[in-house]
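Enquirer: Let's have the full structure, built from the sequences with the hints guiding it.
What follows is each chain in one-letter form.
Number of protein chains: 2
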Amino acid sequence: MMKAGLSVLLALVVMSSAFGKYVPKSGKRIPQTLSRGWGDQLIWAQTYEEALYWARSRNKPLMVLFHLEDCPHSHELRKVLSEDNGIQKMLDEDFVVLNLMYETTDKHLSPDGQYVPRIIFVDPAMTVRADIVGRYSNRMYAYEPADIKLLKSNMEKAKKLLKSEL
Amino acid sequence: MMKAGLSVLLALVVMSSAFGKYVPKSGKRIPQTLSRGWGDQLIWAQTYEEALYWARSRNKPLMVLFHLEDCPHSHELRKVLSEDNGIQKMLDEDFVVLNLMYETTDKHLSPDGQYVPRIIFVDPAMTVRADIVGRYSNRMYAYEPADIKLLKSNMEKAKKLLKSEL
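Chains as they are written, first to last, in our numbering: chain A, 1 to 166; chain B, 1 to 166.
Only true hints are included.
Since the list gives no way to pick one copy over another, a pair counts as held whenever it fits inside one copy or between any two copies.
For lysine to any residue, the following SDA-like pairs were computed, each having C-alpha atoms within a straight-line distance of at most 25 Å:
#1 K60 / K149
#2 K107 / E49
#3 K159 / V23
#4 K157 / D94
#5 K21 / E69
What the hints contain is simulated information worked out from the structure, not anything from laboratory work. Here the structure is a predicted model, which is why all the values come from computation and not from measurement.
Expert: This is the structure in structure tokens:
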């Protein structure tokens, strides 16, 4: 009897919380994630300002990923990058990560223009690593799924901080 | 037999996808949401730049919410605001929404200093509505849980766009 009472109570609590919540006219939505599919297990910064602060205070390089929802090249790269455990582990342990669907006001983040997908590394000393480039001379910070090895070696480059080169 | 085969196949698919994913050393994490608890059903902008663009292109006022994870006042306000269906509906239908745990470089968003929680409205004509204030003269854009009615009437004020006053 005690048990049954508890079940009813639980059911009521669950029901009231389910009925109590705001549901849009168009139906319930899946909450947006900050990862946007680029790695649900990573701790993503929300803004460039936040990311820079983390990079400086943790002395870790920052990887900024520019992408768009309706860009098939972004989707292809995202699939490969999010499923590569080696890259995910490195990003989790050695980098500060930020993915943006919107350009910032800082022009240093678009050394050769604004396009997606685009990956820019920033040293914790606040220097944009314009020297770390991909394979394409017309879009130097673009990567395709086939370039994942190059991306990994570029991440290794970014891990060698500028200060340590002095 | 057919059914059993399908179950095994399904189980294998589930297992392989579960085993295949990167899991941090510290254990699996809950993916971060952009809502950060302020309304899981709302469409949140990620950055101030994105929010401004949405406000302008949709001709809707923007509400910017500054808060911090380790601030009890933020938590209290969040609880009230996220559970108020009237506010959630208004935010969903009539506003562009942005919540930030980090200050932007735009000083117009901190008319009387940087503190949390702080709610600033921005007109789609890109004017920060410094005239829409709360109850406290020393922190004019702060709201406490008891101020939720005032917040609602301030939202109504923000909905009356500056252009329409001309």
